[in-house]
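Please take these sequences and the hints and turn them into a complete structure.
If you want the building blocks of each chain, they are given just below.
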Amino acid sequence: MEAVHGHDHAHDHGHDHPTGLMRWLTTTNHKDIGTMYLWFSFLMLLTGGTLAMGIRAELFEPGMQFWRPEFFNQLTTMHGLIMVFGAIMPAFVGFANWQIPMMIGASDMAFARMNNFSFWLLPPAAILLVTSFFVPGGATGAGWTLYAPLSVQQGMGMDLAIFAVHIMGASSIMGSINIITTILNMRAPGMTLMKMPMFVWTWLITAYLLIAVMPVLAGAVTMLLTDRHFGTHFFNAAGGGDPVLYQHVFWFFGHPEVYIMILPAFGIVSQIIPTFARKPLFGYTSMVYATASIAILSFIVWAHHMFVVGMPAAGQLFFMYATMLIAVPTGVKVFNWVATMWKGSMTFETPMLFSVGFLFVFTMGGFTGLVCAITPIDIQIQDTYYVVAHFHYVLVAGSLFALFAGVYFWLPKWTGHMYDEKLGKLHFWLSIIFFNLTFFVMHFLGLAGMPRRIPDYAPQFADFNMIASLGAFGFGLTQLLFLYVVVKCIRGGEKAPAKPWDGAEGLEWTLPSPAPYHSFETPPIVK
Amino acid sequence: MKKVLSLLAVAFAALANSPLAAAVQFGFQDPETPIARQIYSLHTLILWICVVIFVLVFGAMFYAIINHRKSVGHKAAQFHENTQVEIIWTLVPFLILMGMAWPATKTIIEMKDTSNPDLTIKATGYQWLWGYEYVKGEGDLAGVSDGIQIFSRLATPMEQIYDKSANKDDHYLLEVDHELVVPVNKKIRILTTAADVIHSWWVPAFGVKQDAIPGYIRDTWFKAEKTGVYRGQCAELCGKEHGFMPIVVRVVDNAEFQDWASKHRSDASPAAATSAPSAEAAPAAAEATQVAAAEPAASSGASAPAADGKATYDGLCSACHAMGIAGAPKFGDKAAWAPRIAQGVDTLHQHAIHGFKTMPAKGGNPALSDATVMAAVDYMVSQSK
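Sequence lines, in order, name chains A and B. Here the numbering used here is used: position 35 in the first sequence is 23, and no number is missing along the way. All you need for the numbering used here is the position in the second sequence, starting with 1, plus 15.
To be clear, the hints were calculated from the coordinates, so they are not data collected in a lab. Glycine included, C-beta positions come from ideal geometry on N, C-alpha and C. Warning: the hint list may mix true and false statements.
What the hints assert, rightly or not - Quick list of in silico lysine to aspartate or glutamate cross-link-like pairs, DMTMM-like style, CA-CA up to 20 Å:
#1 K349/B / D385/B
#2 K331/A / D133/B
#3 K85/B / E409/A
#4 K331/A / E96/B
#5 K238/B / D133/B
#6 K238/B / D192/B
Unchecked claim - On the chain B side, residues computed to face chain A include the following (Cβ under 10 Å):
#7 P108
#8 L112
#9 T122
#10 V212
#11 I213
#12 P229
#13 W352
What the hints assert, rightly or not - Far from chain B, by Cβ distances over 12 Å, these chain A residues were calculated:
#14 R11
#15 I115
#16 A158
#17 I161
#18 M162
#19 K267
#20 P364
#21 Q370
#22 I478
#23 G494
#24 Y505
What follows is the structure, given as structure tokens:
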């Protein structure tokens, strides 16, 4: 297969194939771009993780140990911004780039040059974010939500963050246009929409969400920018504005955003569980409808982030009911995954371990989400560590674990080598243990009354904070093991066959490993 | 997964045996108002429903993981849909959710009913302290506490926070110089607002959390059923001292409240500040000054208290300038002040009124008059030459 691949390759691209740095700067190849997305997001994961270590070091015991309170606020803010916009979102776009053309039988993405541009917008944005620590006044400390009027008060680090968000938003929108166009126009003959792999379906829906809400975020931060510098009063009551307007606009983006970060994760897990259960995905049709329902509902629940701003009872009731409704399609998905495993013939390689871990721990995050949806309870736990626990259960155990699962699942296809199974499993077990050690105790902290985003706390919170900090250091270090496993797999290892998993289905497994430079030169026929 | 659970179990067992075991809390604080009790039982109910569903679903999953694996020779079935089952597991969760929504709805409607309070108190969030004002009301307690004003600031000394060797108080970070005092078994309505950024007034034992939004008034209520001291914290990120603006409410019986109110009512006029039983003269005067200036209605009389630069300094500026926080020139530090004084006192006035670098305009309290701010600057300059 290698020989055939090499031959095709030389034949098609002998005339124009820069090497070295220029290859990466000018590439229009979906695999090269996907690779860059993934490395970029991993670098951001380590950056955001380092900030998290700074947070947990300060919170290791009561009293101020390392930082001034204002720097602590910068740590929590930048940890959030970098993880959301730098790590999780680009990682999923990386997966989309690598996998969608291979899974729908296309040769590449629809807009190859725009694809290059949407990636290369990200490093400048990341540089803006990271260097904002070094400008006068430091990075923004207004929280990743950048609530006005606190964000209006901030120093120039805030402006850098606003520009970074603008740039990353533009990148996401271009990426989404590309993904939608690719999926709708470049599927192999015979692949109807309802025959698409779940991962492709979830990304199609996610891309629509991105196009719908990234401009809303851009609007929110632009209003912030003009309030800061050009004398407008969108969020200033003294000028006829309203601070709460910012929250409404932000969360109209923010809630679909959380599904942007989890729907592709659902897609990855929906590819992996059937593979290792050696059994087709249970309820494919209902999975598609459930995903679409979640996406639609995500537009009418935003104010559940704002139950304590003082909205009327009717508002609280509407947003509570709508939010609780999301539990129904989410439940359908969980039931479908369990039903897929039921009476299967399961094996537990690393991708499956991460998927089962995802299912178990993500569902805990789902349940705490339901608890948060109940307005009276939310009024107690809003802005406490309970919420911190909840969203790390869905974002780390949800999105990040699914990303890990996906990396292990497709690494053989990407690199042509098998990864080290033993180390992969070790990575899983360390991750899930340290993850729970870090975040489970945060539920207790939140219930007992510890607010989030505070650099110091009363002594009754000391024990759980120490456990959480130890867990966090362990979790952070464990990710270096992941780096080692991936690098080792790229550099060598057992040769991967075209289809390394015997239960795998889908077009990507009909290609040799590693996949050829152009995925499908002639479209395969899907029956 | 077992490993996780056993590890957690070990961790908790270790905690349970430690001398701190009594302090370790896994759930909500003890509820002390009818609303907080409802929230507590709602949470208990929903937690148990979730636990039961969790055990059922993951019981099934782990059963499959143990029995339907290749290594025990299980052959994969090939079914992939079952409309009946799918309808059931869509409808049943829906019905369970309706069961949860019903009691929650009743609680929401009760929480929102702030009508007919016995006492109304306005809580104003400042960076970074709480101001309380007993509003003139029509309830049972009309006239008892009208016009009393309190400023409530973290009482934990700085060295306990920054010096590792210092012993920490029992109520480290949850103690204030002047507590909010309310009568027991009375419906207390809290109006929240803020002077600078959004804060949030939260007392967990009362089941009350309400954002305080600059330029707007929101309200909430509680009825404490037991006398005692209840502690909470600001719950909305409000800048660097967000973690250092606690809320302490002392619930007292009716007679004690009348007694306390009659002593404090006279505090409303700065002249009588010295009669404050618990407060030192200076902070009490500072409170009076700040509120007088903060109250638009009182602006005509602002010139009199505004002349007292020291009071404004103690009440507001000292938050940063006493310690030299965020690059602020430290009060009395001649070396730090000299280059600034050299710019001319007019420049300093302008910087203080309109803001300069990290110095917020009017120290973050836009309600202060220019004269008040200038008097405070003059006072600080005079003490730092």
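Against which earlier hints does the structure fall short, listed by number upward?
1, 2, 6, 13, 19, 20, 21
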